[in-house]
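Protein chains in written order, with this note's numbering: chain C, 65 to 330; chain E, 3 to 443; chain D, 6 to 574.
Derived by calculation from the structure, the hints in this document are not laboratory data.
Glycine included, every Cβ here is placed at the ideal spot set by N, Cα and C.
Hints should not be assumed to be uniformly reliable.
For the chain D half of the interface with chain C, some residues (derived, Cβ under 8 Å), not all of them [said to hold, decoys possible]:
#1 H83
#2 D85
#3 G198
#4 L202
Listed below are the simulated DSS-like cross-link pairs for lysine-lysine, each with C-alpha atoms no more than 27 Å apart in a straight line [said to hold, decoys possible]:
#5 C:K107 - D:K88
#6 E:K412 - C:K107
#7 E:K440 - D:K51
#8 E:K57 - E:K31
#9 D:K89 - E:K440
#10 E:K112 - D:K513
#11 D:K88 - E:K112
#12 E:K184 - D:K33
#13 E:K181 - D:K161
#14 C:K107 - D:K89
#15 C:K107 - E:K57
#16 D:K542 - E:K86
#17 E:K37 - D:K542
#18 C:K100 - E:K31
#19 D:K40 - C:K167
#20 E:K187 - E:K86
#21 E:K240 - C:K107
#22 C:K316 - D:K422
#23 C:K316 - D:K40
#24 E:K429 - C:K107
#25 D:K422 - E:K429
#26 E:K238 - C:K107
#27 D:K51 - E:K187
#28 D:K461 - D:K89
#29 C:K146 - C:K107
#30 C:K100 - E:K86
#31 E:K112 - D:K89
#32 E:K86 - C:K107
#33 C:K100 - C:K167
#34 E:K46 - E:K31
#35 D:K33 - D:K521
#36 D:K306 - D:K40
#37 E:K367 - C:K270
#38 D:K89 - C:K146
#39 E:K440 - D:K426
#40 C:K270 - C:K300
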Amino acid sequence: METVTLTVKQVPDLYLECENVNPDAFAGKTAEQIAKMGAYQGKEISTLGEFFTIAGNAGATAADTKIVINGDCTKMKYIGAKMTAGEVVVNSACDMYTGSWMKGGKLTVNGDVHSFCALAMAGGEFTINGNAGNYLGAAYRGDWRGMSGGVLRVKGNAGSDVASFMTGGTMIIDGDVDIHLGTHMEGGKIILKGNANRRVGGQLVKGEIYVFGKINVMMPGYKPSGEVDLEVDGTKATFIDYTGDLGERHPKRKGATVYGHLFMKK
Amino acid sequence: MPKDVTDVICPFCGTLCDDVVVTVSDDNKTILSVKNACAIGAEKFNHQRLPGRVKRPRMRQPDGTYKEVSYDEAIDWTAKMLVKSRKTLMYGWASTSCQAMSIGHEIAEKVGGIVDNCATVCHGSSLIAIEDVGVPSCTLGEVKNRADRVIFWGCNPAHAHPRHMSRYSIFPRGFFTVKGHKGRKIYCVDCRYTDTAKCADTFIQVQQGFDYELLDAFRTAARGEALPDTVGGVPKEKIYEVVEELKGGRFGIIFFGMGLTHTMGRNHNIDEAICLTRDMNDFTKFVIMAMRGHWNVTGSGQVLGWQYGFPYAVDLSRRDQARHQTGETTSVDLLNRNEVEACFYIATDPGAHFPINAMISSSKKPTVTIDPHINCTTEISDVHIPVAMVGVEVGGCAYRMDNVPIETRKVVEPPEGMLTDEEVLTKINNRVDELLAKGGA
Amino acid sequence: MSEYIIKNGHVFDPVQGIKGDKKDIAVKDGKIVEKVSSSAKVIDAKDKTVMAGALEVHAHVAGPKVNAGRWYRPEDKHFDSHKKPGITRIEGGKSIPTVFKTGYEYARMGFTFAMEAAMPPLYARHVHEEIHDTPIIDEAALPVLGNNWFIMEYLKNNEVENTAAYISWLMRQTKGYGVKVVNPGGTEAWAWGLNCLTIHDPVPYFDITPAEIMTGLMTANEYLGLPHSMHVHQNDLGNPGNYKTTIETLQLAEGVKPKNTFGREQVMHSTHLQFHSYKGTNWGDFESAAKEVMDYVNKQKNITIDTGNVTLDETTTMTADGPFEHHLHGLNHLKWFNVDVELETAAGVVPYIYDPNISVCAKQWCIGLEIALMAKDPMRCFITTDHPNAGPFTRYPRVYSWLMSKKVRDERLNTFKNADKVIGATYLANIDREITLYELAQMTRAGPAKCLGLMKDYGGLKAGMNADIAIYDINPDKFPSDGPAIEKAFGNAAYLFKDGRICVEGGKVVDMGQKKTFWVDAKVPENKQVMHDVREKFLRYYSVNENNYPVPESYAPHQHIITVDATKA
Ligand code: SF4
Ligand SMILES: [Zn+2]
Ligand SMILES: [Zn+2]
């Protein structure tokens with residue numbers, strides 16, 4: 065695997081749209097060629113070379129390409145978005161759409177990310193070693209297809225509207241979340257190690273949410289249906305199994321109604 | 003001889019009453035009286051003859067005072083600002099015509115603007131909800147002719163849309179509703195007892211911030227599932243009782259307002275209310291409608307819709323594509339994050355509606371405001387371009403809260419030499435073309 | 006205005022019976038002429054196909070439900086908004102293009118006219134605002150009348166003259182083109198959450214049946230002598246077993262005679278027939294009834310149809326058939342938009358994915374193609390996708406490739422996930438017919454022009470007709486054998502002339518032309534009763550005043566009014 069190292073040399077004064085910063089776009093390019101790739105600030109188009117010092121050439125394919133980014137990326141959007149393979153490591157906080165529409169590969173952010181990250185993520189591994197903003201792993205506006213695959217890990221807290229319209233994949237949040245976790249969820253698995261504010265699993269059709277901490281207010285459409293012993297992300301514990309959201313429609317399989325499950329650690 | 007202009011469309015709220023009669027002076031210059039409009043509507047007409055109305059553009063001087071300038075100077079300054087800025091917020095549009103918006107969008111596409119309208123601080127959350135789950139709705143005449151279950155949820159038309167209840171929702175006798183008010187059951191759900199609640203047969207007091215949970219409880223009850231003893235302060239017996247009454251109606255409607263759009267969870271409250279409406283259609287006929295406030299904000303959404311495919315917060319800054327993301331391309335977020343370099347305001351007063359931090363950010367950027375009157379925003383602008391009042395001094399298309407468009411009427415002449423929005427925007431557009439042809443400012 | 010001479014092209018013109026012969030076409034002052042001066046600009050069409058501009062007979066391209074479909078589906082254009090170099094604006098939207106993209110894409114495919122298929126009268130101003138903003142192509146809109154209170158009240162008492170007078174009044178108010186009927190009676194029933202699934206179900210309260218509404222409207226349409234016939238979206242759309250209702254509805258035309266001065270020969274246009282040609286009792290045993298339906302269509306000469314071809318895309322369904330959209334939402338649970346329009350109609354919108362891996366969708370795809378391939382008279386069967394219901398209109402080139410090449414369509418058919426099941430439930434595998442270029446010109450040019458009452462100016466290349474000309478990079482002697490090549494040629498006209506101006510060159514939009522809005526002004530004897538009823542309904546039941554109902558002149562600055570005189574009818 066070849067490594068391309070980007071070092072921020074100029075912090076953008078507006079926000080820089082880095083949709084070209086991912087292994088798929090870099091694949092097959094030399095450092096010089098990468099430096100000539102475009103990046104927008106509003107209507108002004110600049111090159112990556114104006115904002116980054118670029119060292120190393122990319123591999124022949126995305127899978128053979130690793131990108132390491134150093135310096136302040138807090139005003140950079142779309143890093144790692146739509147990546148299908150390879151690896152990206154960002155040693156900074158990032159702005160919106162980091163890892164959104166990601167299909168494969170490995171993305172690590174050693175810092176916080178803003179809102180709309182991992183939007184509609186379909187595959188790969190995305191680790192955020194900091195906090196995440198709102199709409200983490202949610203669907204794009206209007207879409208009923210949110211996160212559908214892959215593994216997303218957040219070491220810190222996440223904001224509101226996390227995992228809206230999730231249909232598959234696994235999301236693990238070590239910290240707390242704000243309101244609306246797994247709203248309209250129709251598949252997949254959320255593991256929340258910390259606390260949730262309110263509105264967990266509202267309008268949920270299908271899927272599983274595991275909560276280790278507390279929920280300030282339970283949704284009225286959840287009903288306890290017993291206790292289970294489970295091992296969840298390495299933790300063995302007893303969970304209370306709530307079925308719901310009973311206010312929402314649910315599909316039938318072999319004549320039986322399929323409900324969603326909210327497991328609360330005892 | 004004073005004369006009456008009939009079938010005039012009120013230029014104030016989204017109810018767009020179109021039966022107003024305005025008496026104007028013989029010379030077509032002054033409004034003498036306004037009939038049929040409510041107090042706030044009539045007040046809007048009265049603005050036309052306020053003393054001290056600014057009649058020519060004004061430009062801020064280095065010492066902070068304003069100096070009168072010609073339209074051409076103001077337009078040139080504006081065009082240069084737009085061409086130079088890498089990303090410009092172009093916000094407002096609620097009190098102008100669809101025809102003017104079209105020209106504005108053409109400019110935005112050339113200069114890289116982000117076009118946003120008042121929904122951003124108002125029913126934007128309703129639009130998000132509709133983007134997510136759709137909306138079963140109807141025109142206001144349907145309510146008048148058919149509705150026998152009317153719910154006002156988190157809205158107070160008695161104050162915000164004064165003629166709504168008499169024209170459409172509570173009192174009128176329609177084709178299938180010959181008994182008028184007597185044939186309807188009126189519900190009001192709110193966290194406080196409003197004047198609208200006084201007109202209701204049933205008032206349900208919900209604990210502030212619990213609308214989502216209560217709506218979910220209604221849906222759960224409608225499916226015959228069990229509920230906790232109380233939800234949002236409402237006993238479960240009441241919830242089951244109301245759900246049965248709603249199912250027993252022939253045509254139900256939920257009107258909602260700021261009580262849902264501006265409380266915790268915002269779009270999710272509306273989303274859940276829409277889903278309840280949808281569920282009720284398994285039992286009877288049910289629809290839902292947003293009580294949209296700002297006059298033609300609906301029209302802005304429509305024009306943006308057919309030109310770009312998004313109802314507000316349309317980011318054309320790259321000039322090669324249109325994008326939309328509430329939370330990113332919305333005005334307040336752009337200002338708070340300092341994501342724009344210049345501000346262009348038209349036909350609304352963000353200074354009166356935006357959070358203070360956003361306005362502080364705005365005040366540090368080159369700013370142009372196009373508005374008939376002096377307002378909070380004109381006073382933080384570098385240039386204020388006064389224009390004729392749409393729907394009073396010039397006609398143009400406006401959309402009602404149920405998306406019905408009405409061509410509004412001109413009732414009086416604007417002050418001598420005063421340009422309209424369309425004229426000013428056309429001139430800016432032409433000036434932008436000239437500048438771009440020369441390769442920039 | 007400039008003169009052009011298009012030389013050496015293979016011309017296909019059903020109006021003159023020209024079947025691919027090399028013939029020069031002369032253009033002057035926006036019209037096709039016999040000859041031009043020597044200074045005329047020469048367009049070399051060697052090895053190319055020359056046809057008249059195509060006409061869209063039925064699409065949802067402008068108005069409130071189309072726009073709802075646009076703005077409530079940001080996901081439909083999130084990765085599909087772009088600006089092409091040149092004079093065009095930003096264009097976006099996969100299943101429901103923006104107005105700009107709509108105009109450009111029709112033009113790029115060689116179209117010069119599109120009929121907006123459903124205009125709710127109360128929203129006519131909205132429809133015309135969008136038509137106004139749609140570049141290049143000429144357009145008209147059909148007001149929906151099949152659930153209108155006036156119409157139902159008059160027809161209950163067999164008052165044809167009053168019905169006609171009301172239609173005439175309404176077309177003038179709305180700048181409408183003809184009589185559209187969508188799920189007659191069923192949409193009014195929907196205002197109470199109900200439906201009319203057969204043509205004999207009485208409409209709640211109004212006490213009239215869909216059959217009576219359609220018969221009455223056909224009679225009123227011919228009484229007025231309108232350019233177009235009654236245009237119907239039938240009851241019971243999209244349900245297995247509906248073909249019997251379909252044939253029963255078509256039978257209503259038996260014995261009704263066309264009466265008009267436009268050369269139109271049909272009294273009923275039945276739209277998107279694919280959705281109405283289903284056998285079976287449920288989605289499990291669902292089968293094609295294309296044969297049964299087309300056998301009837303082929304022998305009944307006074308009806309025309311369009312196909313409603315499924316394109317196997319993610320799309321957005323939208324129709325004035327309110328109860329159908331509610332039903333569809335119940336099946337796929339995707340976001341449901343609905344609006345009921347006072348005294349007039351309703352509309353619904355639901356996204357839909359025609360997934361080739363689902364056999365129901367694959368069968369629908371077969372049925373749409375079967376309808377076109379079983380049509381004996383290409384002058385009475387037109388190709389549509391009922392845009393965007395069965396797929397976006399931008400897929401026409403692909404639909405043509407399936408119709409014109411058995412190889413291309415069999416490749417698709419045989420690679421369906423449940424190919425055996427699909428083939429067993431449909432006729433397509435056994436059909437060898439390939440639509441010829443001449444037949445294509447009939448199905449997309451001359452036929453729709455005649456059906457819409459526009460054959461004087463549109464659909465052909467005879468001297469005196471509009472210089473609306475599409476030139477494709479297709480050598481008929483070497484017709485492309487693979488799908489993508491056919492698609493590319495039909496999707497990127499080498500040239501499109503609109504009213505004698507070159508609007509598209511090499512697939513690129515180079516001129517916005519000057520689009521016209523068509524509407525029909527039908528003159529009838531003064532009718533005090535109808536005017537009284539109008540006044541009364543506005544005073545009591547409408548939510549707008551009568552004086553604010555008409556579409557102002559300024560909304561259609563380039564209007565083309567077709568006048569018919571029914572005062573002596
Ligand atoms: S209700 Fe609204 S539109 Fe009607 S008169 Fe009052 S302010 Fe004007
Ligand atoms: Zn239809
Ligand atoms: Zn249709």
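Taking the hints in turn, this is what the structure says about them:
1. H83: Holds: closest Cβ of chain C sits about 6 Å from H83 of chain D, inside 8 Å.
2. D85: violated (12 Å)
3. G198: This interface hint is violated because 18 Å lies over the 8 Å limit.
4. L202: At 24 Å from the nearest chain C Cβ, L202 of chain D fails the 8 Å test, so the hint is violated.
5. C:K107 - D:K88: Holds, at about 13 Å.
6. E:K412 - C:K107: violated (38 Å)
7. E:K440 - D:K51: violated (41 Å)
8. E:K57 - E:K31: Holds. K57 of chain E to K31 of chain E sits at ~14 Å (cutoff 27 Å).
9. D:K89 - E:K440: OK: K89 of chain D and K440 of chain E at ~22 Å, within 27 Å.
10. E:K112 - D:K513: Holds, because 20 Å separates the two Cα atoms, which is no more than 27 Å.
11. D:K88 - E:K112: holds (11 Å)
12. E:K184 - D:K33: Violated - the C-alpha atoms of K33 of chain D and K184 of chain E are around 69 Å apart, more than 27 Å.
13. E:K181 - D:K161: holds (26 Å)
14. C:K107 - D:K89: Distance of about 16 Å is within 27 Å: holds.
15. C:K107 - E:K57: violated (34 Å)
16. D:K542 - E:K86: With a Cα-Cα distance of about 55 Å, the restraint between K542 of chain D and K86 of chain E is violated, given a limit of 27 Å.
17. E:K37 - D:K542: Distance of about 23 Å is within 27 Å: holds.
18. C:K100 - E:K31: Given pair K100 of chain C, K31 of chain E is violated - Cα atoms ~62 Å apart, limit 27 Å.
19. D:K40 - C:K167: violated (61 Å)
20. E:K187 - E:K86: Status violated; Cα separation ~58 Å.
21. E:K240 - C:K107: violated (56 Å)
22. C:K316 - D:K422: Between K316 of chain C and K422 of chain D the Cα gap is close to 24 Å, so the pair holds against 27 Å.
23. C:K316 - D:K40: It is violated: about 71 Å lies between the C-alpha atoms, which goes past 27 Å.
24. E:K429 - C:K107: holds (22 Å)
25. D:K422 - E:K429: At roughly 59 Å apart (the allowed maximum being 27 Å), K429 of chain E and K422 of chain D break the hint.
26. E:K238 - C:K107: violated (55 Å)
27. D:K51 - E:K187: Distance of about 74 Å is beyond 27 Å: violated.
28. D:K461 - D:K89: violated (35 Å)
29. C:K146 - C:K107: holds (22 Å)
30. C:K100 - E:K86: Holds: K100 of chain C and K86 of chain E sit about 24 Å apart, inside 27 Å.
31. E:K112 - D:K89: Distance of about 14 Å is within 27 Å: holds.
32. E:K86 - C:K107: holds (10 Å)
33. C:K100 - C:K167: holds (26 Å)
34. E:K46 - E:K31: holds (16 Å)
35. D:K33 - D:K521: holds (19 Å)
36. D:K306 - D:K40: violated (37 Å)
37. E:K367 - C:K270: violated (48 Å)
38. D:K89 - C:K146: At roughly 23 Å apart (the allowed maximum being 27 Å), K146 of chain C and K89 of chain D satisfy the hint.
39. E:K440 - D:K426: Outside the cut-off at roughly 65 Å; violated.
40. C:K270 - C:K300: holds (24 Å)
Of the hints listed earlier, those the structure fails to meet are numbers 2, 3, 4, 6, 7, 12, 15, 16, 18, 19, 20, 21, 23, 25, 26, 27, 28, 36, 37 and 39, in rising order.
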